[in-house]
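Enquirer: Chains A and B, in that order, give the protein sequences.
All letters in the first sequence, in the order written, are residues 1 to 229 by the working numbering.
All letters in the second sequence, in the order written, are residues 1001 to 1593 by the working numbering.
It cannot be assumed that every hint is accurate.
What the hints assert, rightly or not - Listing some non-contacts, in silico: residues in chain A with all C-beta distances to chain B over 12 Å:
#1 Asp48
#2 Asp52
#3 Ala80
#4 Thr89
#5 Ser91
#6 Trp117
#7 Ala130
#8 Glu155
#9 Ala178
#10 Glu186
#11 Ser197
To be verified - Below, simulated SDA-like cross-link-like pairs (lysine to any residue); rule was C-alpha separation at most 25 Å, straight line:
#12 B:Lys1380 x A:Arg84
#13 B:Lys1442 x A:Arg70
#14 B:Lys1445 x A:Glu83
#15 B:Lys1588 x A:Val55
#16 B:Lys1380 x A:Glu49
#17 A:Lys46 x B:Lys1442
#18 B:Lys1333 x A:Phe47
#19 B:Lys1380 x A:Glu83
Claimed, not checked - Stretch by stretch, here's where chain A covers chain B in the computed footprint (C-beta under 8 Å, at least three residues):
#20 1369 to 1381
#21 1470 to 1482
For the record, the hints were derived by calculation from the structure and aren't laboratory data.
Idealized CB from N, CA, C, for every residue including glycine.
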Amino acid sequence: MAAASNAEELTGLPPEVIWEYQFRLILVGDSTVGKSSLLRRFCDGKFDEVSDPTVGVDFYARLIEVAPGRRVKLQLWDTAGQERFRSITTSYYRNSVGVMLVYDISNRKSFENLQEWLLEAQENVIYPHATTYMIVGHKADLEDEKREVLKEEGERFSRAYGMAFIETSAKACINVEAAFSVMAKEIYVKLQEGDLSIVEGWDGIKGGFSAPRETLRLEDNKSKQSVCC
Amino acid sequence: MADTGNDSDISFESADEGEDVIQEPKPSQEEVSDNVKKKEEDVSGSKDGETLSGDPASENKDAGLEDVELGMSDRKETNTKDSEIHKDEEQQGICSDERTEGNSVTDSSGKEGAESLVQEVGTSETTAKDENSKNAKLEENLEGFAESPTNQSIDRASASSVLVDDESSSKETSSAGGGSWGSWGSSWSGWGTSLLSSASATVSAVSGSVGKVIENVESTLGVPKPEDLPCDQGESSDQKQDGQSEATDSQEEGHQASSPGAAVGSFFSYSASALTSAVGKTVTGGLDALESLGKKTMDVLQDGDPGLRRKRAYLRGNRRDQPNLSQLLREAKEEAEERSRLEVEEEERHKCHFGWLFEQNQGLAHLEALEILSNESETKVEATVGGGEDTSLEPLKTELMEIKDAFELEDVESEENDESGDFVNTITEHLFSLSIAATPNKLKKVQTDAHSWLANLEEESEEKEKPTAKEIHQKAMEVLADLTARSIEQFHKTGELLLLKQITEENKSPIQQATSLSKLTSVLCAEVSFVASKFSEKLSRIAASSPDAETVNGYITNIFLEASNSTSYIQDAFQLLLPVMQVVAIDKRDTSQ
């Protein structure tokens, strides 16, 4: 519930907040696991019981604080989970710095397909070793009898690949904020430590670009207005 | 008594550091000095070996005195020479480390000697006093004479053989004190205590005057407190003692020659008395040296800087500079913050900027994604028709060219779509003709919203509450940006769906599809210009009655400008679909074959 109020708070951020970097993340996973719902909750603070399947890819954006006073803009690519879009969605991995692998805890198949999604992601990202992955078990609000994937199983999977793991629910607003925060922070730390860097011609990470850079800044903030979706 | 001891034992004589200097310059300093100076030069030129006897050595000492008088810089040079010479003297068998140690003993103005010989000092207070008076006399005669430690080292430089003894014995002097203190501590304790007590008086007097000198120099310069000094020196001399006590054994062996057959005990009692006088002289000599050193230093320091104002300012300046620097940085930071705040305000003003709004509506993202699709399609097309002169590809090439022709936009046909229904219907129709399951819901919503807003404006104009020109401009920008973004999105989705290979029988030919796309683009562009003109119309009505017509006219210009931007975005997106459409044609051909 804390996450809920948190999400509410952050969605109300003024649009002209300063952000330091833009991270492009891509969400993949089987159809109907709730990728779009998760993003709509995270970016718009809304949840709809029914939603149309995503066509190709959709876009969301939000600012998130990764360190005190340090904000990054997350540009989120919401891919279609439907099999028929596979050939198209693979094109969209390349400019992502992070990949969120989403499954539905009430859908065993979606969990088992993670392996395949991960493989596809690893094949298509430009910098396989610089890419941050995260496993998200969605629909955590569902009662236990509907659960088909134990939390431990998700944890074990993510541990095996050295990824972060979290169970979320867009409907109940559980860990939605945390999921993106963990990912953004992980990327930010990598960036600070030099494991990642801004690469010309690659849109995975971008510097805030609308602020003039010739000004002396003790804190290297780049101001850029951003969306409040 | 002590003198005799010294004379009889060469090693002790030279070990006495300053003492020799005090004793030897009995012949008038001035007399000798000239000769000596020459000699000094010779010596430093031809290095060692020439002056092995005691006399020249003493003369050299005097020369050293002279040298010191010339100034501190000269002295430094000489010292450097010394050490260079020392290094050459390998026959000494004493490693350069030890020598350096010996030098440092000397340079620390006999303090070390004073400490290690504390035990003995007390036993011959009289001698010490004698020496003191001697010193005083000598000092009168010779200005700067007290730099005996330095002289001593110069002496070493010129007379190497003397030096050997000098070195080793200076070691012994301290080791005799330090080493024996430790090894024979128990048996000596009684004697040591008494010695210590009497010695401490001397030492305290000594250190008192040393302190004064140091204080004098340091307080004027603002250098670390004199209190810290004794500790430091105590530490260093402790260390030296440790090191030297290790060396004691071997050194004693070497000195068996000078005191053959002597029992250790007698040796020490003997050396004790010798040392006593030596130390007394050393200490006082060292003190004098310090004092004149101090004076000299002050002279040099004050040279051209009366009252040391500049140097004081320099020393203190460092401390004052730091707050200055942080102040500077803070100011710079404040300035930067102020500037960034202004930038943020600037950004806010740009909030009604088309480009920014377009990005906020994910228009840019869709354009980018469409670009990705387009590029990949282009690669595919080139891979298919690019390579070789395959005649079987001719029909395909022709078709691709035809598609390309279809992408050449004709001029916007008409502006019939004044009504929203027409717009939506036309778009839906065109999309349907593309045979893709895309519904223009978002486009429809944007268009409807814009039209209703404009309609409301008409109604509201009859009432009193009118939106300002600024608000109308803002809204126009929002509508244009949204419309453009949704158009791009529509193209993007269309491209994605086209690539899904949903090829059915009733599919229209790619050329027909391309024509539909072209028409769709025209409709969208027409809608953009229609909306733009509507907003401009409202604004120009305001401008007519507004006192600030110029601003309003600026808004109108801006709307038209951004409308043309919007149109070019849409047309660009449309062009990006060309390779996609060509891929569709290729795929269709492949499946039909």
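Enquirer: Provide an ascending list of the numbers of those earlier hints which the structure does not satisfy.
Expert: 2, 3, 4, 5, 13, 14, 16, 18, 21
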